[in-house]
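> So the chains spell out like this:
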Amino acid sequence: MTTATPPLLSIEALKKYFPVRRGMLQRVTAHVKAVDGVDFTIQPLQTMGLVGESGCGKSTVARLILRLLYPDKGTIRYDGREISAMDEREFKPLRQEIQMIFQDPYSSLNPRMTVAQSIADGVRMAGIKEKSDQQNRIKLLLDMVGMPTASADRYPHEFSGGQRQRVGIARALSVSPQLILCDEPISALDVSIQAQIINLLKDLQKELGLSYLFISHDLNVVSYICDHVCVMYRGQIVESAPATELFDHPRHPYTLKLLSAVPEATTVGWSPRVDAELPKATLPDGCTFADQCQNHDPACDKEAPALVRVGDKHHVRCWKSA
Amino acid sequence: MDQSNDILLAVEDLQVHFLGDGPAARAVDGVDFEVRRRETVCIVGESGCGKTVTALAILGLLKQPPATIAGGRITFDGHSLLDMARDDLRALRGRRIGMVFQEPMTSLNPVFTIGDQIGEAVLAHERVAAEEVRRRTIRLLDEVGIADARQRIQDYPHQLSGGQRQRVMIAMTLACQPDLIIADEPTTALDVTVQAQILTLLKNLKQEKHMAIQYITHDLGVVAAIADRVYVMYAGVVVEQGAAGHIFDRARHPYTMALLDALPTKEKRGRRLYSIPGSVPHPAYKPHGCPFHPRCPYRRQSCETEFPALCDYGAGHQARCPVLFADPAQTEKTS
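Quick mapping for you: the protein sequence lines, in order, are chains C and E. Mapping the first sequence onto the numbering used here, position 244 (from 1) lands on 244, and the numbers just tick up by one. Mapping the second sequence onto the numbering used here, position 25 (from 1) lands on 25, and the numbers just tick up by one.
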């Protein structure tokens, strides 16, 4: 990367294979290549979008960054330090720097804890010892996410989905993180509430100087909120570009297919590119998208294409579009 | 032109209340709409607006109690569904009205093959020999785009992907050649490319089979993609209705306008999204007057006391907001 400022997070050649066990002896018969050589960087204050359909590996990337899973290969550097090689003790202080917001605010909050209790753990972790200071910090956090102070002593079930997501955000903020991994943070919410949460995330980014990894399958949201977007397909990034560039000039056939499938509320009547064929369960030798691709030729089956630069910060993994 | 013969389903002043402790929850609070033959009607609204309850009332699937149908009429092809005997209704449902739900895995029986389940639907319609059932089952799977139908009839639901399961559900409803399919968020749980396939399938089937579709969704993108006509619901009431073009190009109800403004798109990059203040009212404690008034930027004093009538913009486009009807210049200011 030739950018002047060092990236906050940089991921290189990241791989994670899950073994598939079969039969009585549970022998490993194959591997699911959940993440198969992923590279990207997140700059300070940047919102990086990671898009793709279910099973493409986007959530696995988030779990690897958080060290909920360990990579088979590759490196993850946070602020210049290689976190993938650290032991748990070394990583502990950094854990506060990277937080996560989940899709389902119903299941990510403990139903038996009040809002204040849910947030208090993080506040203590952040080193605030005094009880009254903790209370003040909790009030401030609730205020930041637009929740009334009175909500502190109430339980998650008393709130709507949007409010619960606000509590989830307050909890993530309680340890003063730099980077927040947002895994489908708004897809369980109603349209009018989605807009509230998106606005909140943008406000917080400005106020607190946050960086986001925004994982989503909703391309409309991604086109609105992200600065840069990586499109994942079967464990690999197939296209990476600044958001406006990606949505105005998509190059990879999979990106094109994905974009044409999104119905937009601005266009009445729409006909997507639909192919009946389903991807094969086994990965092809060459390009992973070859069996789905409309302009593939024999060369695509032989060798897998690399991610190559086609424009300013625009990279594509395709023999024919590069 | 008399279109009354063309109307397949008519819902008039439907009221569904849920009884519990405290005041009754008026989930559906005087809903009127109609579905004509061979058209796709979308009912759009956020969770709790009453769109699913309306569909369940049509299908006679509401659990009573706690639900009660407090008033209104539902007429399907000349038959009054609310007055119909249970067995007659069951015969009609499935045979002439098909249903597709959001989560196909919970609608399919996990211990029977999909061939058995589609075959059962075929038999419910007509007593035919086993060989004929098999033949029709395979043809139905072909029609909904499942490859190798001959082998796939042996499969159990868990062996299929989400999109394939939804195709099986559609095949089951098609078994009886219904006049109307009621689809409740059938693509919400699916990936976008699979959603595109299912929507295209429904569009094509509607053409081929001359069916009408009542499609219930919260996704305005999907509405724009498939709807002929649209009803926008809020707090148990239809607040705006019209052709898809009316709703998306010149919405005249503040709620519809707000929903469209709240959608993130690449054109709105760098601008703040409009967000509707507050939240949807609880169905037992709805505000007086217009149900949307506490969240509405155009509200007047009168909105707090008077329930708004539908204002007619012509060509079937109606919106329940007299304020914007009297002063259309208001809409220009904000959009």
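A few of these clues could be false.
Straight-line Cα separation of at most 30 Å, DSS-like style, residue types lysine-lysine; simulated pairs [stated by the list, open to error]: (1) C/129 / C/302; (2) C/139 / C/92; (3) C/313 / C/33; (4) C/73 / C/92; (5) C/131 / C/73; (6) C/206 / E/266; (7) C/313 / E/266; (8) C/15 / C/320; (9) E/266 / C/202; (10) C/320 / C/33; (11) C/33 / C/302; (12) C/33 / C/129; (13) C/320 / E/286; (14) C/313 / E/268; (15) C/139 / C/202; (16) E/286 / C/206; (17) C/33 / C/15; (18) C/202 / E/268; (19) C/15 / C/139.
No lab work stands behind these hints, which were simulated from the structure alone. Predicted, not measured: the structure shown is a model, and the values here were computed from it.
> Tell me the numbers of any earlier hints that the structure contravenes, in ascending order.
1, 5, 12, 13, 16 and 19
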